[in-house]
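Protein chains: 4
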Amino acid sequence: MPERILRAISTQTVDHRGPGFAEIGRMALSGMKDVFQTASQVFIYPSSGTGAWEAALVNTLSPGDKVVMFETGHFAMLWQRLATKIGLDAESIEGDWRGGADPQQIEDRLRADVNHEIRAVCVVHNETSTGSVSPIADIRKAIDAASHPALLIVDSISGLASLDFRFDEWGVDVCVAGSQKGLMLPPGLSFNAVSAKALERNASARHPRSYWDWQEMIGPNANGYFPYTPATNLLYGLNEAIAMLKEEGFQNVFDRHARHGRATRAAVKAWGLETLCARQGQESGVLTAVMMPEGHSADAFRAVALKHYNISFGNGLSKVADRVFRVGHLGDFNDLMLMATLSGVEMALKKAGVPHEKGGAAAALDHLVEQEA
Amino acid sequence: MPERILRAISTQTVDHRGPGFAEIGRMALSGMKDVFQTASQVFIYPSSGTGAWEAALVNTLSPGDKVVMFETGHFAMLWQRLATKIGLDAESIEGDWRGGADPQQIEDRLRADVNHEIRAVCVVHNETSTGSVSPIADIRKAIDAASHPALLIVDSISGLASLDFRFDEWGVDVCVAGSQKGLMLPPGLSFNAVSAKALERNASARHPRSYWDWQEMIGPNANGYFPYTPATNLLYGLNEAIAMLKEEGFQNVFDRHARHGRATRAAVKAWGLETLCARQGQESGVLTAVMMPEGHSADAFRAVALKHYNISFGNGLSKVADRVFRVGHLGDFNDLMLMATLSGVEMALKKAGVPHEKGGAAAALDHLVEQEA
Amino acid sequence: MPERILRAISTQTVDHRGPGFAEIGRMALSGMKDVFQTASQVFIYPSSGTGAWEAALVNTLSPGDKVVMFETGHFAMLWQRLATKIGLDAESIEGDWRGGADPQQIEDRLRADVNHEIRAVCVVHNETSTGSVSPIADIRKAIDAASHPALLIVDSISGLASLDFRFDEWGVDVCVAGSQKGLMLPPGLSFNAVSAKALERNASARHPRSYWDWQEMIGPNANGYFPYTPATNLLYGLNEAIAMLKEEGFQNVFDRHARHGRATRAAVKAWGLETLCARQGQESGVLTAVMMPEGHSADAFRAVALKHYNISFGNGLSKVADRVFRVGHLGDFNDLMLMATLSGVEMALKKAGVPHEKGGAAAALDHLVEQEA
Amino acid sequence: MPERILRAISTQTVDHRGPGFAEIGRMALSGMKDVFQTASQVFIYPSSGTGAWEAALVNTLSPGDKVVMFETGHFAMLWQRLATKIGLDAESIEGDWRGGADPQQIEDRLRADVNHEIRAVCVVHNETSTGSVSPIADIRKAIDAASHPALLIVDSISGLASLDFRFDEWGVDVCVAGSQKGLMLPPGLSFNAVSAKALERNASARHPRSYWDWQEMIGPNANGYFPYTPATNLLYGLNEAIAMLKEEGFQNVFDRHARHGRATRAAVKAWGLETLCARQGQESGVLTAVMMPEGHSADAFRAVALKHYNISFGNGLSKVADRVFRVGHLGDFNDLMLMATLSGVEMALKKAGVPHEKGGAAAALDHLVEQEA
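Chains U, X, E and W supply the protein sequences, listed in that same order. Sequential numbering of the first sequence, starting at 143, is according to the working numbering. Sequential numbering of the second sequence, starting at 143, is according to the working numbering. Sequential numbering of the third sequence, starting at 143, is according to the working numbering. Sequential numbering of the fourth sequence, starting at 143, is according to the working numbering.
Derived from the structure by calculation, the hints contain no laboratory data.
Each pair may be met inside one copy or between any two copies, as identical chains are not told apart.
Under the rule of at most 16 Å between Cα atoms (straight-line distance), these lysine to aspartate or glutamate pairs were calculated in the EDC-like manner:
id: 1; residue 1: K449; residue 2: E390
id: 2; residue 1: K339; residue 2: D310
id: 3; residue 1: K500; residue 2: E512
id: 4; residue 1: K449; residue 2: E514
id: 5; residue 1: K283; residue 2: D244
id: 6; residue 1: K461; residue 2: E213
id: 7; residue 1: K175; residue 2: E311
id: 8; residue 1: K461; residue 2: D238
id: 9; residue 1: K493; residue 2: E512
id: 10; residue 1: K492; residue 2: E514
id: 11; residue 1: K493; residue 2: D441
id: 12; residue 1: K493; residue 2: E514
id: 13; residue 1: K227; residue 2: E358
id: 14; residue 1: K339; residue 2: E311
id: 15; residue 1: K492; residue 2: E512
id: 16; residue 1: K492; residue 2: D508
id: 17; residue 1: K493; residue 2: D508
id: 18; residue 1: K227; residue 2: D355
id: 19; residue 1: K175; residue 2: D306
id: 20; residue 1: K411; residue 2: D508
id: 21; residue 1: K461; residue 2: D441
Start from the sequences and build out the full structure, keeping to the hints where you can.
Shown next, in the form of structure tokens:
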């Protein structure tokens with residue numbers, strides 16, 4: 143987390159009903175529209191991303207409504223579980239965890255739904271458990287090709303502000319996001335970007351709601367205020383984060399993540415290892431999940447890395463538990479930090495006795511110099 | 143907000159799934175039990191207090207359930223509005239805003255409910271809009287006297303950690319609290335303390351819920367973890383706040399607030415003004431709402447205080463808009479800060495041409511010296 | 143110390159030889175010229191004010207040189223001790239500690255020095271031990287009236303940036319200052335403002351010197367650098383402090399201190415007590431030294447104030463030890479902080495059983511409202 | 143600079159004459175004895191290291207005294223310049239800048255000084271301009287072998303707290319140090335560790351002094367106080383730094399630096415380049431100066447590294463200007479930070495078109511894994 147943001151969040155809390163607050167609120171709400179690349183509406187919750195998952199559903203659906211959710215990985219499965227829990231009929235399209243959501247499978251499913259019982263298609267943009275990215279624009283096209291009225295609801299909790307995300311251009315209806323990934327903040331803020339169509343559905347959606355209710359937000363938000371106490375200090379941090387992103391330039395931020403993803407894959411390839419994401423063009427610039435050689439424990443490797451080199455890699459979740467480790471390259475990250483990270487992988491592979499070819503870090507180094515930003 | 147807490151929340155965020163987090167979570171959960179004076183269960187939400195209002199209801203009630211809520215003031219009314227909005231049958235017992243909830247009226251209402259349709263009685267402990275405190279122990283006795291099975295759900299968002307609150311001894315079933323008052327934190331955390339009886343009701347309560355669901359919390363909480371991403375940096379601040387409260391001693395904290403309340407009322411009396419709370423023994427140690435002389439605008443007075451002395455007083459809400467101003471004396475507050483505050487009131491009264499007797503600040507000064515802590 | 147400054151000094155240290163440093167150095171050096179109200183030269187030392195006392199002398203004098211120092215109080219005496227220690231012939235003009243330096247006595251002494259053996263007159267601008275201010279402009283006139291070539295060296299360690307100080311207009315030759323009073327910084331930086339005449343004397347002054355040597359500074363300073371490692375983080379704070387002073391406006395800062403001094407004296411008078419400074423027009427806006435009633439210990443009173451009200455008053459030094467206590471009203475200070483301070487005095491007087499009239503704080507309150515800034 | 147230390151220095155400043163200060167002062171003074179590995183006396187100045195250079199000389203010598211200083215590099219030359227400037231007869235023993243001070247040359251010079259006119263031998267422990275370390279224990283033996291009474295005065299400004307430094311065991315008389323290197327603080331504090339013999343010399347040393355005078359310090363220091371205002375906030379940081387060093391363990395700190403020095407030299411060798419330090423066993427664990435291939439500008443290379451990889455290498459000073467670049471590996475530094483740094487060197491060498499063999503970073507990686515701490 144950048145020091146600059148930690149400082150911002152430790153500023154004295156102002157009264158969220160006082161005149162000084164409006165500008166803070168307006169900056170945050172308007173800045174987030176730029177981040178989502180939307181001219182539509184953005185709502186900010188004092189909650190973690192899980193709350194925004196729930197908010198997206200309860201604002202647009204009624205008890206018992208059918209939704210289709212693509213199983214890109216662990217987080218897609220958790221979202222489906224939540225949907226079921228709050229009383230929706232949440233159907234899953236099975237995936238192999240080695241790529242993003244498949245537009246063709248979605249189109250096929252929607253075409254089969256001749257009565258238009260499916261009210262929403264839910265897709266994870268950047269699946270944190272696998273390092274794969276779903277082709278959101280193509281999924282919108284698939285829905286349209288099926289001439290289906292279902293809403294397109296996207297989770298970009300770990301993608302937004304690191305990967306290009308074009309809410310308006312791609313025709314997304316609701317996007318769910320959180321503060322603690324690309325926005326480089328501590329957890330505690332979450333977001334719903336909302337299209338005109340989704341707002342329209344909101345009027346007839348009968349799921350009981352109050353805290354998450356978009357309608358309560360619209361009025362006060364117009365003047366920079368919130369219907370209840372916001373997480374003021376995290377909003378300070380949010381405004382600072384948006385300023386940092388704009389200083390670097392959104393496109394530069396996206397390019398940097400993409401380049402670091404490529405350099406990381408160059409290292410993985412040089413080590414003779416395989417990434418979990420197997421679909422070309424769907425590899426994430428946010429993180430790379432690396433598969434362990436057969437017979438080697440990813441968690442044992444991770445423990446060595448933590449103990450000897452004080453570096454913490456993400457663990458494999460549910461279906462790929464102990465079989466992959468995940469290398470993050472997101473947020474406030476530069477070439478030397480990537481080299482430190484990949485050197486850490488190589489040192490730990492060697493230390494842990496995991497079979498690999500030498501030279502992964504060196505391959506990444508070459509890639510970075512040759513493909514200068 | 144104490145500098146010590148602002149520093150705590152700006153510490154680097156640790157991984158909320160990593161081994162280092164458990165101790166942070168355990169400290170927070172166990173420390174909050176001490177704050178609530180309970181051996182039962184406490185849940186922590188990454189949300190503002192409004193979320194914990196909702197959580198208390200959706201975890202214990204089913205759609206259409208009847209609840210009785212006492213109108214102590216503005217915040218009690220907002221809570222009733224929320225209850226109605228999420229589909230409960232929320233009945234209000236009217237109040238005059240000049241004191242806490244009346245146990246007798248509650249007992250009468252419950253006795254009349256011969257079929258036990260009322261599922262919960264909701265009461266605000268410290269009503270921030272009026273500066274009155276409800277006698278929670280007496281309300282429990284009233285419920286028991288009526289032999290009624292309704293749950294006692296209490297909002298102590300602005301009372302907890304400033305006023306004595308004995309969850310177990312008083313027989314409260316759910317207590318709703320927030321981070322930004324007596325706990326001296328920025329907003330963004332909220333709490334439910336929960337009795338065994340309330341947990342039992344939870345099993346049969348059919349309101350759809352996921353984010354707020356207590357059942358999801360119990361398992362991970364046992365080891366210091368949370369079912370979804372917590373607001374880690376605010377938890378750092380929470381642990382620091384609890385440490386500060388324990389260093390001073392809870393009883394000393396309560397005594398300090400009570401003494402500051404008395405000194406403030408001595409000042410108000412000396413000015414020849416009246417407090418909004420008219421019931422002796424129910425005046426709050428957290429804040430004092432002062433009634434303006436007839437024909438004088440409280441908001442005009444507040445504007446003078448802000449402009450000339452850079453001090454911000456709370457405004458009158460809904461029924462008492464522009465008729466009262468509210469003086470806070472809570473959190474990390476000492477005798478000299480109270481004298482600064484009351485001097486600010488007196489200077490602004492004089493500056494604004496509000497009719498008053500001189501000597502209020504001096505009366506408070508005398509009270510503070512004579513009634514040494 | 144303002145939070146804003148504490149934050150500034152905790153920013154990451156940059157390389158003091160790198161390109162990014164020049165702007166920091168230039169801002170500090172140029173900003174300090176504005177603070178001293180001079181177009182001449184200012185030097186900044188990584189040292190406490192005592193170092194700048196020494197620097198002023200070793201840069202302008204030679205071993206055995208005679209200097210005349212006016213005994214305004216404890217700090218003037220300490221400076222004389224230092225001058226003697228480094229080998230100067232430091233003569234003192236005796237004072238009664240109840241006002242600033244007396245221009246007439248200085249003029250008389252200089253007229254008597256027909257051979258012009260006196261090389262410098264040293265005067266303390268704001269004597270922190272007594273709360274008196276010396277009339278610097280009049281002292282320059284006195285030197286000129288005596289047609290004497292002695293340099294005028296002034297210590298404004300505790301006056302600068304709180305009281306008006308006009309280096310050029312008043313004809314000061316060297317002014318000594320420090321970071322920890324009106325500049326609101328932690329200790330660790332000190333200053334010499336230097337006239338053209340003083341720089342000329344520097345060429346022939348033979349006291350050995352290196353660290354303090356102005357000549358070493360001039361070259362690197364011209365580009366924003368220093369001849370040796372500066373206290374970089376305190377320079378961050380200095381630039382922030384100067385920005386704060388400019389935002390408020392220097393004249394407003396001076397007026398505020400003067401008004402707070404008057405309100406404090408109104409309180410002292412109402413209590414029936416006496417200030418140590420007895421010369422009208424020479425009372426300090428930075429601090430007020432209050433004399434205890436005969437037979438009462440100032441230190442016992444100070445102990446009561448610290449114990450019961452957590453407020454720390456300055457002690458009486460050397461000649462007035464235990465006979466006065468000193469009330470500071472400097473730096474980042476507003477009306478309410480003054481009221482808190484004076485309420486603290488009155489509470490402690492009462493608590494400690496010191497004979498006094500009631501109503502000092504109230505008198506100050508009246509003064510502040512009537513003489514609005 | 144570690145965040146932990148930046149936080150410490152931004153704590154509110156306490157009164158350096160108040161009761162709360164003594165513990166801070168005592169901790170700092172006693173902790174520094176542990177750092178110097180001495181049971182003798184340590185003095186702390188609010189000044190940069192240059193001030194402590196001056197203090198060491200003015201406290202032990204008289205005007206015109208002869209001292210011998212070994213030219214290990216740029217900083218040794220600066221120190222000699224200072225000595226000359228303050229009136230000492232400072233003789234230099236010429237060096238080639240490719241290693242530490244030579245005990246034999248020192249012994250020869252002292253033996254030749256049959257009248258014992260030389261009052262002190264001055265040596266730089268870790269020469270920052272070259273990355274060489276002088277064998278201090280051997281130099282003490284050389285002085286003793288010559289039966290010469292000269293004091294041994296050592297500058298360990300950039301070595302202390304990174305390299306083993308045994309003040310008592312090695313028989314050093316005065317050691318000069320600063321805050322901004324191994325102690326990981328911002329600049330602004332400096333130190334003199336002082337032997338009994340040096341204190342004895344102090345009694346007869348006639349150089350005029352006040353700010354630097356050890357005698358003034360001894361009394362107040364005994365109780366944790368200082369004779370004049372200390373740089374309080376930097377003392378907070380100093381105590382934090384000492385705590386960090388003790389948590390890691392001094393020996394572990396020294397081993398870490400040594401290991402990082404070896405890994406860096408493995409990289410330099412693999413690149414086919416040469417280090418400036420050519421004397422085996424005298425290479426510094428604090429920094430490594432690398433010689434550029436003939437015909438290539440070190441400063442041009444440094445500019446490429448800064449521009450493309452945002453990493454700043456030290457420049458060559460005076461005799462080796464533009465011919466070397468310096469790689470720091472000191473302070474709060476771990477294996478991954480070293481890998482980031484060395485990857486940065488290799489990327490910049492490639493980017494700048496400097497002839498070199500590939501694989502330096504990889505060689506360092508191997509060294510680090512094989513020679514685990």
